[in-house]
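Chain B: place on chain A using the hints.
Number of protein chains: 2
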Amino acid sequence: MSRNRKAVRVAVDAMGGDYAPQEIVKGAILALKEGGLEIGLVGAPDIIETELTKHDIHHLPLRSIRADEVIEEDEHPAFAVYRKPNASIVVATKMLKSGEADAVVSAGATGATVVSATQFVGTIKGMDRPTIGGPITGFAHDTVMMDCGANVDCRPHQLLSFAAVGVIYARKFFHIDNPKVALLNVGAEEGKGNELVRESYPLLQKSGLNFIGNIEGYDVLSGKANVIVCDGFVGNILSKFYESMGDYAGQWIRKKWKKYPLSDFGEKLINELSSLTKMSQEESMGGALLWGIDGVVMGMHGNSQAPQVAKMILKAKDVVNADVVGSLKVEMARISKVSQRR
Amino acid sequence: MSRNRKAVRVAVDAMGGDYAPQEIVKGAILALKEGGLEIGLVGAPDIIETELTKHDIHHLPLRSIRADEVIEEDEHPAFAVYRKPNASIVVATKMLKSGEADAVVSAGATGATVVSATQFVGTIKGMDRPTIGGPITGFAHDTVMMDCGANVDCRPHQLLSFAAVGVIYARKFFHIDNPKVALLNVGAEEGKGNELVRESYPLLQKSGLNFIGNIEGYDVLSGKANVIVCDGFVGNILSKFYESMGDYAGQWIRKKWKKYPLSDFGEKLINELSSLTKMSQEESMGGALLWGIDGVVMGMHGNSQAPQVAKMILKAKDVVNADVVGSLKVEMARISKVSQRR
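Just so you know, the sequences run in chain order A and B. If you read the first sequence in our numbering, its first letter stands for residue 175, the second for the next number, and so on. If you read the second sequence in our numbering, its first letter stands for residue 175, the second for the next number, and so on.
This is chain A alone, in the form it adopts within the complex (with noise of 0.2 Å):
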């Protein structure tokens, strides 16, 4: 791509997802009025061209770059990923790898994303392996919990470098300088827990990190933290539930109602109620962002359609010129530093 000083410019898988490559294509247009991008549209030359016909282009930074194979989402990534060296995310992870994109964004298969974007790009000096995670919204705010499901067996260093992703979210996209983190727990003492969070809270207590010590589940909702530190299989079940409770909430409520005319006010409470609790990448800065990758790869899910796209390209942008990876990279230095100390 041309680099046309401050444009962003992103790497759209366009074969990826249950729409591509219309909606994909139709997305990455949506975002280009915005301005301040130039998109790359990663896939099957042929088939981009005969959407890109359907559409006026003229004079908008996109063009096409040449991928001739798909990665499914029933295979398995490592094995495709190997395979396939000229599927449309392999292809888009080489070309933020080389420099010639800044971010690269895809609805295609989650799996294959992340070996991609750690094979081609590599992981941040003391992440293992990317992290997912984003903000509780609802009845919660300024709180972002890591990880969400990425990384179901951790060790307390992952859970410290958890923390890390947690205060760099909480910084960028909740503009809070110096945010407090907490170690999810079943008790708020030093010393409770499993062996992982035992292990993990002197890490956290010698990281220079504003840790506030232990919550325990009362608390996730009530803004002692801004930071919730747990491992992903904690942590994606945690947030499903919360997920789905607006809708419990509200179908219990309707019942109550059931004998009193439900006003329209009483039916959007309701209606509000159920899409309130959803912690949804769409709505999330920062949340499809896989954490910990030496770059910016966002992922979406695979049912995403043309507004969805254009909305992740658009946080790709801001994350990229708000340079979330150089700084979760320098805090990470800073920790390593610090707990080298003795």
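This list has only true hints and no planted wrong ones.
It does not matter which identical chain is used: a pair holds within one copy or between any two.
List time: in silico DSBU-like cross-link candidates among lysine-lysine, alpha-carbon distance up to 35 Å:
(1) Lys485 / Lys430
(2) Lys346 / Lys430
(3) Lys268 / Lys366
(4) Lys430 / Lys414
(5) Lys503 / Lys180
(6) Lys485 / Lys366
(7) Lys503 / Lys380
(8) Lys432 / Lys346
(9) Lys429 / Lys346
(10) Lys271 / Lys207
(11) Lys180 / Lys207
I should point out that these hints are in silico values taken from the structure, not numbers from a laboratory. As the structure is a prediction and not an experimental result, all values here were calculated from the model.
Using the frame of chain A, we list chain B on its own:
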């Protein structure tokens, strides 16, 4: 205690809890009025006698049993049980072991109750340690979660035993013959999850229990499973998170409602919502039982007062009459037999 045929003989720790002995003695007398019980109040005789003089206990099957020591909340449980052989909880537990009592109820330090029960009564074959858990009330029905915090680092055979406990719970208290058992996990497919659940899956499959596979966080409240099996770390965090939910939802609704006059109905709704998600031991049949102990030992909150004490004693009676412990022993033996077949 003299054996009155069919009466359940409960040894009540008269010295344990924030309001001991006054509220404990009062609660015992309340419970006795329901019938079917004989109670031994275990503690310092003079203190108990002083309390008893305040009440009309004529003809009530109540006596006091001497125990000159008390284990305090802040003592190390194992040391305290070792150093205080005449502590009220120790004496009460030994009465269970010797057959002088059918059940023990205590509002004293939980740790000491667990250590005392494990040491002097022992666990059922196949259970390493006692487990605690209980029904998920509120938005869910006929759903019990095991373990809720007693075992934070688990091995697969422990998760299997939690499943057996949950099945007995559902049979005895939900009256479901063949309860559906699920493993709480990050994905529905076999092979998903952390090491613990991946290794537990095949054990549950060949257990002969009605194992329906994995369920995700979304489905905890859906009723898909009657028995949700998880380690105590996850169970504790999830149940506390759930307990807090009603309050946060209530606060949110109240805020939304600000512009409108909050009707009596609205106030009622919010109050009900707030208490709805509390997984209270008090409301739970057998939720306070130390499951896995080879006898009926019920713990309760230190702040329990007479009505709660009475409730718990009556629950102990129900647990004895339903032969919960005997049924669990049979189930554990059956699972052990099935599991040894290859």
